[in-house]
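Q: Chain by chain, the residues:
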Amino acid sequence: MSGTLEISNVSKTYDAGGENPVKALDKVSLTVNQGEFVSIIGPSGCGKSTLFNVIGGLIPDYTGEVTIDGHRIDGTHRDVGVVFQEESTFPWRTTLNNVAFPLEVQGMAREAREAKAREFIKLVGLEGFENHFPAQLSGGMKQRTAVARTLAYEPRIMLMDEPFGALDEQTRLLLGDKLLEIWSTLKQTMLLITHNITEAVQLSDRVVVMSYRPGRIKRVIDIELPRPRSSEVITTAEFGHYVGDIWNELREEASRGMADAEEKLAAR
Amino acid sequence: MAQTGVIGTVSGLRPRITVNTIRITTIVVLLVLWEVLAAVGRSGLLYKDVVPSSIQIGLAIIHEIFDPAFYHHLGITLAEHVVGFTIGSTIAVTVGIAMGANPFFRKMIEPYLNGIGSTPKIIFLPILFLLFGTGIESKMAKGALSAFFPVVFSTTLGMMLISPVLLRVGQTFSLTRRQMVSKIYMPSMVNPIITGLRLGMAIAVIGILVAEIKFSNGGLGYRIAEYYDQFAIASMYALIIIIFALAAAANVAMTVLQDRLNIKQGGSATRNAGLGAST
Ligand SMILES: Nc1ncnc2c1ncn2[C@@H]1O[C@H](COP(=O)(O)OP(=O)(O)OP(=O)(O)O)[C@@H](O)[C@H]1O
Ligand SMILES: [Mg+2]
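Sequence lines, in order, name chains A and B.
Numbers in the numbering used here are just positions in the first sequence, counted from 1, shifted up by 2.
Numbers in the numbering used here are just positions in the second sequence, counted from 1, shifted up by 897.
It should be emphasised that the hints constitute simulated quantities derived from the structure, not laboratory data.
Be aware that a few hints might be false.
To be verified - Coverage of chain A stretches by chain B, computed from C-beta distances (three or more under 8 Å per stretch; other residues unrestricted):
no., segment
1, 51-63
2, 236-245
What the hints assert, rightly or not - Under 7 Å between C-beta atoms, here's a sample of chain A residues computed to sit facing chain B:
no., residue
3, Thr78
4, Pro104
5, Phe131
6, Thr173
7, Leu188
In this text, a Cβ means the ideal position worked out from N, Cα and C, and glycines have one as well.
Could you build all of it, start to finish, from the sequences and the hints given here?
A: Laid out in structure tokens, this is it:
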């Protein structure tokens, strides 16, 4: 299984009807190697979701190039599986049928797809909730359903946009453990978008810090904490060191983002 | 789960008792008031027979239920309703989906729909009588016209409120156009369409009865008008009560049906929890 993702010189400007065009991404270049776990971190509004949508093939009009194993991609791609920032489970499907969805669409027979879906449900720790509807699940369980659904698609590259962004810290740490466990079994290439420093350090081989507007790559930090890692790693001194380092990079960007938001509020 | 179920039933039972008590009390109070009015009527203070006693009405109800003519008229109204509602709602669902899918089309016809939709449809009755005559055809047309608006509005809104994230999920899993329709658009539309159909069904009944009372030679509305003309006031009330009961029963049936579908869709968490506890 291969799955090297190469992003070169990607720029994207939203021109909202001509006035005040927003330069969301400015010449972003990044290579994510096969089987690597990379996180992208940046303040709110810096263009993380935009980059996510470009890689996921949901924004066709960008400049630059995105390739997988050397092949340029335009549009959605079989090798890229995405998990959205927003809630995305189908409310009319049970957990089992949500997770089996990509297999059903591919025409897999019912028994086979259900058996496979059960494996992934087990992997994300939702055993016993196969026949529940999303309305009966907690926020974290819904996001796990969405993660399992994308895993069932068996993409070579998993692209996740703040999948656990709306969850409390404890749940998020434990789900991080689950994600690492899954990754060590399936060994996909992982690209995680987050605004949570702890999450980025806990999970990644490399953390990419983005600057606020225009979105550029400010720094790439290698996380040399030993693997396999568990969430206990957050109590170590080294972990704190990495968190401090990333915060130093981010602080300036985050305050620029905040100042920008305040200015906009004042201008109203 | 079982525990919350038990708590749910206990706390759910109390308001139900109170609600039922209030409902029964209301009926009893209304009956008593009615009898007082009837007594006043008999004493000559009101026009005689305008307020027949509830016993007279009760007898008239029984008489009505055993009268074959009642079923003849009921059949006419039902036929008008089924045909009118089916035509009106089918067109409405089609137009609503087209409006939701095509913003240009929506902008084009929305002002007209809003305009006509907020006009009482009764003003079109003379036109319908002229176009379709005074027989069942004009009633079917009235039913179709009445049913059309709630269904078209609800369908359009449903189309516009389909979650864009779910559509993007479909895109990223490389669904074909047909799969997008069958696996994402259609399931998303079940609830808004059913809500519209429920409303349309009820409004079509009203529209048809009004048309029958106005100008017709058959149907329950015609029978009401006939009793009125014959000054058979007790029979008229009896028929109104029967129609009321039929409408209430139809509404309950629709509610149950929609709840079933909602449960299948996991529409409401509390309902599902309740169902889980009781089965
Ligand atoms: N469809 C769009 N049209 C116009 N501007 C947009 C659009 N989507 C995003 N933007 C703008 O582009 C910038 C980057 O947005 P983006 O959603 O990529 O941020 P983000 O880093 O994901 O933020 P968050 O952490 O809050 O999710 C923002 O300033 C936003 O206002
Ligand atoms: Mg975002």
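Q: Against each hint, give a clear statement of whether it holds in the structure.
A: Verification of the supplied hints:
Judged by the Cβ-Cβ criterion of 8 Å, the segment 51-63 of chain A is covered by chain B as claimed, because 3 of its residues qualify and three suffice. Under a criterion of three residues with beta carbons nearer than 8 Å to beta carbons of chain B, the stated coverage of the segment 236-245 of chain A fails, only 0 such residues being counted. Contact between Thr78/A and chain B, as hinted, is supported at the beta carbon level, the nearest pair being about 5 Å apart and thus within 7 Å. The restraint placing Pro104/A at the interface with chain B holds, with a minimum CB-CB distance near 5 Å, inside the 7 Å limit.
Checking Phe131/A against chain B: minimum C-beta separation of about 11 Å lies over 7 Å; hint violated. Among the interface hints, the one on Thr173/A is violated; its C-beta lies about 19 Å from the nearest C-beta in chain B, farther than the 7 Å criterion. With its C-beta approaching chain B no nearer than about 18 Å, Leu188/A sits outside the 7 Å limit, and its interface hint is violated.
Hints 2, 5, 6 and 7 from the list above are not met by this structure, while the remaining hints are.
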